Amino acid sequence: MSELLRRLLRTRQGALGLVLLAPVALAVVLGPALAPHDPDAISFTTRLTPPSLRYWLGTDEFGRDLLSRILVGARASVPMALGATLLGTLSGAVLGTLSAYLGGRADEAIMRTIDAVMAIPALLLALLVLSTLGGGAEDATLAIAIAFAPGMARITRSVALAARQQDYVASAIARGEGGTWIVFREMGPNVIAPVVVESTIRVAFAVMLVATLSFLGLGAQPPAPEWGLMIAEGREYLHQAPWMIIAPGAAIAITAIGFNLLGDGLRDALNPRVDR
Amino acid sequence: MSGRWLLRRVLLIAYTLFIVSLVVFAITQALPADAAVVILGQNATPAALAAVRVRLGLEDPVWLQYWHWIWPALHGNFGISMRTSQPVAPAMFAALGRSLLLAGGAILLMLVLAVPLGLAAALGRGKPIDLFAGLVSYLGVSSPEFVTGTVLLIVFADRLGWLPATGYVPLGQNFLAGLGHLILPVATVALVLIAHVARMLRSEMIDVLASDYIRAARLKGLSWRVVLFRHSLRNALLPVITVVALDVGYVLGGIIVVEEIFAIPGIGRALIVAIEARDLPSIQAAALIMAGTYAVVNFLADIAYALLDKRIRYE
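Residue numbers (this note's numbering), protein chains in the order written: chain C, 1 to 276; chain E, 1 to 315.
Just chain C, with the same shape it has in the complex:
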């Protein structure tokens, strides 16, 4: 693990990604403790205050401190994105592995159907699922997981099939190793690495989807300090208080860039033949 971290830090993207994600992780873990003000404290005398020494990122239409809301909001947005990606990756991995294991016509039928479902853009699929589930933070998480599952199934399957064909698997079979050994010790690490890289990059996409669904009114509901929802609320005050949009927008972008960089860094760190 420390070896992986060292290799990750040696890649430019991985190091930069970790630097960007460190404050995000801090906000998720310590959120309310770090917040300089009560994120829900309404104060009409300080409404729409521009960024200042007292309110670093300004205040919103209720006089609530934006920095505090963003710090506390990290607990809403980031775990939702991680949960959705994890759920989508696990269900996709089960489906993809099953398809690769079954092989033949069953594999063909499953994969063609997955390709067909992938013809529905992720945001559209998430919106459709959400329109049925009703909306709200948990439903949005589930909808994103469902939208991610087909793509992860396709990746897991192709990686598992490629690993199965490798010489080291053939030589393990020739050595007379058992099935469990081959699956977990020989194929496992080589299947998990690309799937982890892909799902890390997808967390970035999930962060954006969570915020987008909330922005469209179908994710987190007011008064939650969810970043996308904060931007939706700030739209009305776009002229008087643009910081209401820019501050949470920057939080989303920094988190998403962080996960994108981390994913790219992981890809290089996990690839023994890296030269790019």
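Now the stretches of chain C that chain E is said to cover, found in silico as 3 or more residues with beta-carbon under 8 Å:
1. 107–115
2. 118–124
3. 204–216
4. 239–249
Hints were generated in silico from the structure; no laboratory data involved. It should be emphasised that the depicted structure is a prediction, and the values quoted were computed from it without experimental measurement. From the three backbone atoms N, C-alpha and C, an ideal C-beta is built for every residue, glycine too.
Chain E: place on chain C using the hints.
Same frame as chain C, now just chain E:
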């Protein structure tokens, strides 16, 4: 490209469209809202509700309901909107036209900007232009459209006042005003495309420039210009076709958000309005048209790729 390969692609696109329609139907059928209650309101008598359910075919078996939906839909009839009581199809196709204008503009802008950017990044690998292209790429793929769109709105419409903020003017009615209203939405949708394509083109160009046939062309004494544009760029652009086709999925997602921000009456906005109103026929129509468009674009991209790439010999 053999006939068998083409036949297989056609069968696959037919199967894709079938599955897409099944998914759209299955998800929307599970909508908790009772269509009869949506039409008659909460205070309707049970007898009236039952009558409307029978009239809407809600008491039929599921496969029959699917058939009653998909068969007219294949003929361009998506039923009557529960919100406006007007036929869904004409309004949807008019909205689709406006969305395609937006999407087409975004793809055009992407080609104009992403190809030089990716090319410059590949040629100046490790130099400031490459870092700049990398920064644009990461920003583009990491900023959701509702953030970039709103920020563009603040800067160019609200602060600088160069462009109109929201709304839509048909190009046929007033070309310049219509164009002005399109610039910010098109730029918003294009950003993520520019990010993807510039990055893809950069890595393709680096691979192509390192290939043997480029070295051969250089050793043959061909000028750098000919090698660059005639040999390298052409080959590096091929995989870009696939990326652009896949990115149409992002474009469709982006359109939903961008139309909402800039108040453009396109198909994405129609979908959001339909979801908010629980207008089942409109949700189904918008979703089916959008997903169908995406599937068909990818089918056409596959064919274009096969026609352009002489190396591909399918089966």
